[in-house]
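Visitor: Please construct the entire structure, taking both the sequences and the accompanying hints into account.
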Amino acid sequence: MTYAAVYNSWKSDPEAFWMKAAEGISWYKPPSKALFDEKAPVYEWFADAQVNTCYNAVDRHVEAGHGARTAIIYDSPVTNTKHKISYAELQTRVASLAGALRAKGVEKGDRVLIYMPMVPEAIEAMLACGRLGAIHSVVFGGFAANELAVRIDDAKPKAIIAASCGIEPNRVIHYKPLLDEAIELAAHKPDFCVIFQREQEVAQLIEGRDYSWHGFQYGVEPAECVPVAGNHPSYILYTSGTTGQPKGVIRHTAGQLVALDWTMKAIYDIDAGDVFWAASDVGWVVGHSYIAYGQLIHGATTIVFEGKPVGTPDAGTFWRIISEYGVKALFTAPTAFRAIKREDPNGELLKKYDLSKFETLFLAGERADPDTITWAQDQLGVPVIDHWWQTETGWAIAANPMGIEPLPVKLGSPSVAMPGYDVQILDESGNEMPAGEMGAIAIKLPLPPGTLPTLWNAEERFVSAYLETFPGYYETGDAGYKDEDGYLYIMARTDDVINVAGHRLSTGAMEEVLASHPDVAECAVIGVADKLKGQLPLGFLCLNAGCERGHEDIVKDVVKLVREKIGPVAAFKLAVVVDRLPKTRSGKILRATMVKIANGQVFKVPATIDDPAILDEITDALGSLGYPEQS
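Here the sequence shown stands for residues 50 to 680, numbered as in the numbering used here.
Note that these hints are calculated values from the structure, not bench results.
Careful: at least some of the hints might be erroneous.
What the hints assert, rightly or not - Here are the simulated DSS-like cross-link-like pairs (lysine-lysine), alpha carbons at most 30 Å apart as the crow flies: (1) Lys-605 x Lys-637; (2) Lys-157 x Lys-78; (3) Lys-653 x Lys-238.
To be verified - Taking CB as the label site, the calculated pair distances span: (4) Lys-406 x Leu-460: 23 to 29 Å; (5) Ser-673 x Leu-460: 29 to 35 Å; (6) Glu-477 x Pro-567: 36 to 42 Å; (7) Asp-427 x Gly-485: 27 to 33 Å; (8) Asp-363 x Asn-506: 42 to 48 Å; (9) Lys-401 x Lys-238: 50 to 56 Å.
Where a beta carbon is used, it is the ideal one built from N, C-alpha and C, also for glycine.
Guide: Here's what the structure looks like:
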């Protein structure tokens, strides 16, 4: 079937479409129907089914005779460690951990907070929770104590599973002291903690509260899978909220299973036994959907990579992994490829490796600028597919469905809406915009299976944050447009659309122009306050390694480029060269924080920031341009 036929089959009969997709899942009790809309605008999928996540991700493959197939490949250049775990081994390990948790009182519905680096044990902890019907909440390893405490108080976990430390290229991050401080700060106290001791740092355990990962499991009866209702929460994943209080996005068990299983083939063209690598972290939604769950549900192989795209040891580490393990598809953030391109602009390191089994590169997390996509296409010789989704949706809103029908790639677009998503471009009054005109991107309710049904213990906040602006729609918070062919263009967060003398302009469009300059490796554009025009665009430029041209000349070039490509209306005259941009650990550029620095506003250092010291560099760069302006 063509993409159009599949999309139309969903649109004409969503119930039949999702019930058919549900046949890929093993049920204790199949759902009687797909959509439960009695509590609209809060919707649920497959709510009356009985199912178990861990059974679908592990046990059923072993029972089907695939126990010897590799489930997890662990590759850690920062610790010089590699090993593989088969589905049968994974079943034994997860059942043992689940049995130990059960022996300590963890039951269906209890919350377990997981605070781990990129090690297989993080996946095992998630699966062990799913085995028992416990609800896990993974917090990015190394998060600050106060941020961890906020999540402890919101989720109220019975237990916390943590590692003694995390390993960065040049340092060891001490997890245990951060965990101890967070528990001290939190009003809620867990019953017990399980600590996975790493040889790089053995943590001090608190008697009566802390147990070692291995000793804790000794002599305990392994646990069987516990059936749960289809609408039972699988996990809580906290995402930053505008109020400073993080939002606990929840994922219902059945909807997650059906959606992820469907996407593995339809979007990523992955079959059972294939190797699919998502170079992300378990602390992010990508790590949940496509490191811990999607591949395993589908019977494929997942890679747990503890390293960086550059520096562990060089900008060829991605090519080594792809070559060594026969990776069929890679999913990563555009920022990773910008880092590789900056270090190795001519792709010299790529020539060392055999990438003959590699078929597709998928990018998401930040807008993929055309220059990065073109570079990757030229270097790799495979389709480079931008796709767009959010923590809240759990899987792609818009993509190029490689397993249904590969569509023509349009640079700058994540392609077309996936079945389940009726995506519309709306003006401020909620009216649909004509093709080519920019507006707020909204999705007609109900959202498909696998997306957030609500927020953890905060249904009113769910409605006010996502559903109130455009009644009958989910507000994505992104701005963009659709072309005549239905291709979406995500130009900016709604907050990043700037108003220059009454003209609404996309910072994303300007970044696209800056990134096209041959000396620019990476860039960001923000809107700064201006007394005359309301806002003015300001560009930050990171240059390619080895660039010898003067910074002033490059700034003049990009100012001229924006004038040529977008026009004088953009009023783009300010740009500065910086060594690096402030980012979250998932690679998102912290534009909102940069705006606050430029405007002299009070700001809070984001909990997800990769390196807070970069903010000082940005402050100095802005100061060289006279920002913030003195009143």
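Visitor: Does the structure break any of the earlier hints, and which numbers would those be?
Guide: none
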